[in-house]
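Model the full assembly from the supplied sequences, consistent with the hints where possible.
Residue numbers (this note's numbering), protein chains in the order written: chain Y, 1 to 111; chain E, 1 to 175.
In short, the hints are calculated from the structure, not lab data. Note that beta-carbon positions come from the ideal geometry of N, C-alpha and C, so glycine has one too. Do not take every clue at face value.
Pairs of lysine-lysine residues, derived as DSSO-like cross-links and limited to a Cα-Cα distance of at most 27 Å, are as follows [stated by the list, open to error]:
(1) K87(E) with K96(Y)
(2) K22(E) with K37(Y)
(3) K69(Y) with K79(Y)
(4) K37(Y) with K142(E)
(5) K41(E) with K28(Y)
(6) K87(E) with K22(E)
(7) K50(Y) with K96(Y)
(8) K37(Y) with K33(E)
(9) K28(Y) with K142(E)
(10) K87(E) with K3(E)
(11) K11(E) with K28(Y)
(12) K37(Y) with K87(E)
(13) K50(Y) with K69(Y)
What follows is a list of derived Cβ distance ranges for each label pair [to be verified]:
(14) R87(Y) with V122(E): 44 to 50 Å
(15) G106(E) with S6(Y): 46 to 52 Å
(16) R87(Y) with G30(E): 34 to 40 Å
(17) R26(E) with L85(Y): 33 to 39 Å
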Amino acid sequence: MNNSLSQSEFYILLSLAIQSRHGYEIMKQVEQDSGRKVLLGPGTLYGSIKRMLESHLIEEVAGDNPRRKYYTLTEKGRKSFSAELNRYNEAVELAKRKDLFRELGIAKLTF
Amino acid sequence: MHKLLIHISEKLYEFVLQFYPKRYRREFEGEMKYVFSETLKDAYAHHGEPGLFSVWVRTTFDTIESLFIQHIEEQRGGVDMNTKITKSIVRVAAVTGAILLIPIIGMQVSSEWNWNLFDFIVMGALVFGTGSLIELARHKVKSEHRRSVIIAIIVLACLYVWAELAVGIFTNLGS
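Now the structure itself:
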């Protein structure tokens, strides 16, 4: 559905999939979900947020702290993120069927 | 002491934010300041002063890259710059800018460092050219081994040209 999701955008959508968050919460969640492989600075974070607001993948909502801007997934964002996850899932299933994890020596991912 | 460092950092970042396009600033300036400030406090709480330094290193590259992207997007009327090629160019430009900051700062603190406009242009072109070739190799050369060899050759060639221009090794181009 959306082939242009960057790594940061994917993780931001992932962090918003369960609940709405403000920028700093998104940043910390991305850091945790990616095992500290994706460390977003404020510039990259809000650059991605701006693009995703413009593409209507996320929207601003009211949150607990009125001084912060909270974001949540839109219906389009939810569909886009689901499609992306499905693609990953299909790729993993295919790799499992072909026994690629063992073949490539990726022991950790052997099911 | 750390409170002062955090306060100075916040003020410095606030100043840097002025260089973003007006529309972008209106929308995100307050949030970016908040995120930066919380990141600083968190880094200090976990790692002390080295933590602050590490935040600054990350934020410097992040800010230069994002400044380029936001200004180009603004010029193009909001066209998405999130493509591989554009990001590569912006990354190379950001690193070039960051490297050129070294002599700029050096000239402020030492009279030994005396670069003229030509030096900056040559150094900028050399770094940008090298960076572009490395990015090209990263994206076009599939084999990891071959890619590493090519990148090593590019870096060595860059260092050789730099040394040749600076002091002259086989030629008298050096100053």
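Legend entry - 27 Å limit on alpha-carbon distance, applied to hinted pair K28(Y) and K142(E): 34 Å, violated
Legend entry - Hinted pair K69(Y) and K79(Y), Cα distance within 27 Å: 23 Å, holds
Legend entry - Given pair status - K28(Y), K11(E), alpha carbons within 27 Å: 23 Å, holds
Legend entry - 27 Å Cα cutoff - pair K87(E), K22(E): Since the Cα atoms of K87(E) and K22(E) sit roughly 22 Å apart, the hinted pair holds (cutoff 27 Å).
Inset, instruction - Verify the proposed pairing of K41(E) with K28(Y), using a straight-line Cα cut of 27 Å. - result: Between K41(E) and K28(Y) the Cα gap is close to 13 Å, so the pair holds against 27 Å.
Inset, instruction - Starting from K37(Y), check that the Cα of K142(E) is at most 27 Å away, please. - result: 23 Å, holds
Inset, instruction - Could you tell me whether the CB distance from R26(E) to L85(Y) stays inside 33 to 39 Å? - result: 34 Å, holds
Inset, instruction - With a cut-off of 27 Å on the C-alpha distance, tell me whether K37(Y) and K87(E) pass. - result: 19 Å, holds
Legend entry - Satisfaction of hint between K3(E) and K87(E), Cα-Cα up to 27 Å: 36 Å, violated
Legend entry - Beta-carbon spacing of R87(Y) to V122(E) - inside the hinted bounds 44 to 50 Å or not: 47 Å, holds
Inset, instruction - May I ask you to test the hint 46 to 52 Å on the CB atoms belonging to G106(E) and S6(Y)? - result: 35 Å, violated
Inset, instruction - Measure nothing beyond the straight line between the CA atoms of K87(E) and K96(Y); if it is 27 Å or shorter, mark the hint as holding. - result: At roughly 33 Å apart (the allowed maximum being 27 Å), K96(Y) and K87(E) break the hint.
In terms of the numbered hints stated before, the structure departs from hints 1, 2, 7, 9, 10, 15, listed from lowest to highest.
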